[in-house]
Amino acid sequence: MNPDVVAAIARLETEHVLSTGQAALFERVARRRLVSVRFEIRTLLYVGILLVTSGVGIVVAEHHRDIGALATAAAIAVATVACLSWVARHDAPFSWGEVESPHVAFDYVLLLGLMLFATELAYVETQFTVLGPRWPHHLLIVAVVYLLAAYRWDSRTVLGLGLSTLAAWRGLSIGLARGALAPRVAGDLRADAIALGALYVIAAALSVGLARKARFEEVFATAGLLLLLGGLVSGVLDERLAWGSWLIALLAVSAGVMWVAFRFARSLYFAAAVAAAYIGLVHLLFRLFPRGSQESIAFLLTALLGAAGLALIVRAHRVMVRR
Amino acid sequence: MKPLWVAWERAAEVREAARAWRRVGAIDEPTRMKIDELFPDPRIALSPVWRALTAGMVAAVTLALFSAFAIALGRGSAQIQVLLLLCAGMCLATTEALAASPRSARRGAVGALAFLGIGFLLAGLGLVLVESARLSFDDAIDVVLVVAMLTCGSAAWRWGSSFFAGVSGLALFCNLARLPHGRLLWLVAGTIVTGVAARQVDEGRRAPSHRRCAAVLIVVGIGAVYAAANVYSLDEQWLEQLARVVPPRDELPRGAMLLAPLATALIPPAVLAWGARSRRTFLLDTGIVLTALSLVTLRHYVHVAPLWIVLTLSGALIAVLTLAIERALRRAPDREIAGFTADPLFSDERRQHALHIAAVAETLTPAPPAPAVIPGLQAEAATSAEAARRRSSERRVAIAGDADEVPLGRMTPKIGDCTR
Numbered sequence: 085m086n087p088d089v090v091a092a093i094a095r096l097e098t099e100h101v102l103s104t105g106q107a108a109l110f111e112r113v114a115r116r117r118l119v120s121v122r123f124e125i126r127t128l129l130y131v132g133i134l135l136v137t138s139g140v141g142i143v144v145a146e147h148h149r150d151i152g153a154l155a156t157a158a159a160i161a162v163a164t165v166a167c168l169s170w171v172a173r174h175d176a177p178f179s180w181g182e183v184e185s186p187h188v189a190f191d192y193v194l195l196l197g198l199m200l201f202a203t204e205l206a207y208v209e210t211q212f213t214v215l216g217p218r219w220p221h222h223l224l225i226v227a228v229v230y231l232l233a234a235y236r237w238d239s240r241t242v243l244g245l246g247l248s249t250l251a252a253w254r255g256l257s258i259g260l261a262r263g264a265l266a267p268r269v270a271g272d273l274r275a276d277a278i279a280l281g282a283l284y285v286i287a288a289a290l291s292v293g294l295a296r297k298a299r300f301e302e303v304f305a306t307a308g309l310l311l312l313l314g315g316l317v318s319g320v321l322d323e324r325l326a327w328g329s330w331l332i333a334l335l336a337v338s339a340g341v342m343w344v345a346f347r348f349a350r351s352l353y354f355a356a357a358v359a360a361a362y363i364g365l366v367h368l369l370f371r372l373f374p375r376g377s378q379e380s381i382a383f384l385l386t387a388l389l390g391a392a393g394l395a396l397i398v399r400a401h402r403v404m405v406r407r
Numbered sequence: 005m006k007p008l009w010v011a012w013e014r015a016a017e018v019r020e021a022a023r024a025w026r027r028v029g030a031i032d033e034p035t036r037m038k039i040d041e042l043f044p045d046p047r048i049a050l051s052p053v054w055r056a057l058t059a060g061m062v063a064a065v066t067l068a069l070f071s072a073f074a075i076a077l078g079r080g081s082a083q084i085q086v087l088l089l090l091c092a093g094m095c096l097a098t099t100e101a102l103a104a105s106p107r108s109a110r111r112g113a114v115g116a117l118a119f120l121g122i123g124f125l126l127a128g129l130g131l132v133l134v135e136s137a138r139l140s141f142d143d144a145i146d147v148v149l150v151v152a153m154l155t156c157g158s159a160a161w162r163w164g165s166s167f168f169a170g171v172s173g174l175a176l177f178c179n180l181a182r183l184p185h186g187r188l189l190w191l192v193a194g195t196i197v198t199g200v201a202a203r204q205v206d207e208g209r210r211a212p213s214h215r216r217c218a219a220v221l222i223v224v225g226i227g228a229v230y231a232a233a234n235v236y237s238l239d240e241q242w243l244e245q246l247a248r249v250v251p252p253r254d255e256l257p258r259g260a261m262l263l264a265p266l267a268t269a270l271i272p273p274a275v276l277a278w279g280a281r282s283r284r285t286f287l288l289d290t291g292i293v294l295t296a297l298s299l300v301t302l303r304h305y306v307h308v309a310p311l312w313i314v315l316t317l318s319g320a321l322i323a324v325l326t327l328a329i330e331r332a333l334r335r336a337p338d339r340e341i342a343g344f345t346a347d348p349l350f351s352d353e354r355r356q357h358a359l360h361i362a363a364v365a366e367t368l369t370p371a372p373p374a375p376a377v378i379p380g381l382q383a384e385a386a387t388s389a390e391a392a393r394r395r396s397s398e399r400r401v402a403i404a405g406d407a408d409e410v411p412l413g414r415m416t417p418k419i420g421d422c423t424r
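Same order as they appear, the protein sequences are chains S and D. Going by the numbering used here, the first residue of the first sequence is number 85, and it counts up by one from there. Going by the numbering used here, the first residue of the second sequence is number 5, and it counts up by one from there.
None of these hints come from the bench; they were simulated from the model. Here a beta-carbon is modelled for each residue, glycine too, at the ideal position from N, C-alpha and C. Among the clues, some could well be false.
[Unchecked claim] Covered by chain S, per the in silico footprint, the following chain D stretches (three or more residues, Cβ under 8 Å):
| id | segment |
| --- | --- |
| 1 | 44-57 |
| 2 | 190-202 |
[Claimed, not checked] With beta-carbon atoms standing in for the labels, derived distance ranges:
| id | chain 1 | residue 1 | chain 2 | residue 2 | range |
| --- | --- | --- | --- | --- | --- |
| 3 | D | R23 | S | R406 | 15 to 23 Å |
| 4 | D | R138 | S | L396 | 33 to 41 Å |
| 5 | D | R23 | S | R399 | 23 to 31 Å |
| 6 | D | D142 | S | R375 | 35 to 43 Å |
| 7 | D | K6 | S | R399 | 27 to 35 Å |
| 8 | D | E240 | S | L396 | 29 to 37 Å |
| 9 | D | H185 | S | L396 | 24 to 32 Å |
| 10 | S | L154 | D | P273 | 18 to 26 Å |
| 11 | S | A166 | D | P273 | 29 to 37 Å |
| 12 | S | L396 | D | L266 | 57 to 65 Å |
| 13 | S | F348 | D | T195 | 47 to 55 Å |
[What the hints assert, rightly or not] Residues of chain D clear of chain S, computed beta-carbon distances all greater than 12 Å:
| id | residue |
| --- | --- |
| 14 | L67 |
| 15 | Q85 |
| 16 | L90 |
| 17 | G130 |
| 18 | D146 |
| 19 | W161 |
| 20 | S166 |
| 21 | C178 |
| 22 | V223 |
| 23 | V249 |
| 24 | G259 |
| 25 | A274 |
| 26 | G319 |
| 27 | V324 |
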């Protein structure tokens with residue numbers, strides 16, 4: 085029970101701010117006489133799907149020889165088709181706007197079907213080497229299918245998976261996580277990250293600008309900024325590069341992102357840009373005041389820089405709220 | 005907690021509920037504005053992103069200042085101890101000042117500074133005990149744990165932070181684990197903490213944040229009881245490893261290994277039953293997690309089938325059972341069974357957002373459902389808009405907005421029915 089809300093409802097009803105019907109329902113919920121378990125249902129469905137895909141993954145990894153390659157591939161294919169057929173049977177007509185999920189399990193069956201599809205493709209590739217030396221391209225196929233499915237069935241989840249698979253195809257998931265790669269490989273990965281990030285950001289802008297799945301903007305932009313700003317920050321922190329040029333690029337991009345985020349009131353993008361710019365500037369301070377006696381000056385200036393950042397955040401928030 | 009802060013919190017609860025009602029179209033914008041007017045909360049409330057950003061920057065500034073002074077003063081242990089304790093005092097004093105100011109109380113800085121302040125205090129105290137007072141490592145740990153329990157408990161009490169309530173509870177149980185018969189103490193203390201907190205969780209005299217702290221303590225208490233009773237934890241002597249002196253295995257009480265499997269099997273359904281009876285979803289969630297842990301424990305001792313079969317079948321079973329429950333709720337009269345509904349109600353959206361934020365930046369879980377519109381109330385929203393306008397003109401209060409702005413969404417007949 086929420087006693088404060090219960091008391092407030094009684095007062096609001098007495099003062100005729102709420103009608104009797106409204107007050108009755110709100111009080112029922114506030115007194116916990118009517119409770120929603122939708123969160124629990126969705127979480128359990130998600131956990132169920134994860135367990136099933138984990139089980140299938142173990143079968144494929146450990147027991148495919150006992151079962152036989154063809155039988156394994158056929159079984160996964162049947163399961164994939166079953167899931168996607170169910171989705172096709174229950175789906176709503178396509179729309180560029182938001183499409184309401186027709187069933188509570190819809191998103192999860194779609195997710196299961198697509199994950200099984202990816203497993204199937206990976207299994208077929210490892211067993212029958214269809215693509216030969218160009219085997220990483222199977223990730224591109226998976227990503228394209230995910231993206232098409234995301235648009236067809238209006239799923240931000242699948243879109244997120246598609247974007248991360250596309251990034252994985254470019255080798256990003258491994259490359260940027262480990263810094264111990266050869267300089268050339270790391271440089272290529274960074275360039276790919278920046279290019280892909282920029283592409284995602286453009287896709288986010290187009291989604292909103294053209295009103296084509298505008299709700300995908302957040303997914304595109306978040307993934308894009310993560311790659312774009314992450315790539316630039318990695319360039320600044322790389323000792324082997326001309327970090328000054330990278331810093332200028334980082335600050336310019338961060339300033340641009342902050343301006344756009346400020347104009348369109350997107351707090352998450354603003355936060356990402358502030359954090360990236362701060363990391364870049366702190367790196368500059370520690371370059372200017374290297375280890376030794378001057379290190380404390382670097383820390384002091386870092387604190388001052390942080391205070392300036394705080395002032396900027398407070399000011400930006402105030403203006404955004406006022407607008 | 006100051007009475008003024010409690011009043012602000014109570015108003016914030018009502019305003020938040022009104023926002024949730026507005027989100028699903030159950031009230032119109034003028035009514036929501038009217039509620040805001042009747043329940044004023046002068047604090048500036050930031051969204052989670054702004055709060056996280058502010059907290060991050062405040063933490064960066066504080067840590068950078070600490071590092072600058074630590075380097076400038078030299079790296080001697082005595083200087084660091086003094087600096088840590090000074091920083092702790094300054095952080096906690098600043099937290100108190102910020103919490104009292106409506107402009108800064110909900111900006112994120114309070115949480116960051118309180119966390120750093122207590123962190124500095126415990127680190128400083130630990131260093132003082134080990135380096136200056138020459139206490140043994142074990143004694144120092146005991147003292148630090150007691151101080152952690154007390155300071156976190158005080159922080160939870162003063163600033164209403166459920167995070168500190170949880171940490172305080174954990175510190176209490178860590179303290180108990182270091183005593184002889186720690187497992188028994190966990191069982192007893194866990195039951196007491198759960199019982200005491202359960203009496204406070206709906207208590208109207210408590211501040212809303214203190215009620216949330218009580219809910220966290222219930223979960224901590226149940227977790228402690230389960231950890232002490234779980235057969236695997238007993239078998240592996242997990243809690244005994246935390247004690248100052250690890251007892252030999254044969255010192256376990258007789259019958260413990262017989263009772264533990266029973267407790268492992270019975271505690272999760274008991275928690276689920278409590279959750280269902282009291283209609284508290286956090287208890288249901290705790291029960292679900294404990295059930296999963298008990299099943300994993302069972303699988304550890306009883307190899308019913310290969311892992312892949314267990315995973316696939318349990319996943320399928322969970323999905324089928326969940327769908328069956330959802331279907332039963334959806335098809336039940338008034339779309340509810342024993343006060344439970346599968347429809348998203350007003351209080352759900354925030355938790356759903358939290359789930360999506362946690363799940364790898366919204367890439368691994370589906371998006372939250374579109375907010376439900378309540379047909380009966382939608383009509384009433386229009387009526388109440390009209391009424392609000394009338395009242396507003398009478399009181400010469402300008403209220404803008406129109407009920408036609410209510411978004412269209414999925415129908416929820418049950419809720420509509422109950423309002424007619």
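Run the structure past the numbered hints and jot down the numbers of the failing ones, going up. Checked against the structure, the hints that fail are numbers 2, 4, 8, 9, 10, 14, 26 and 27, while the rest are satisfied.
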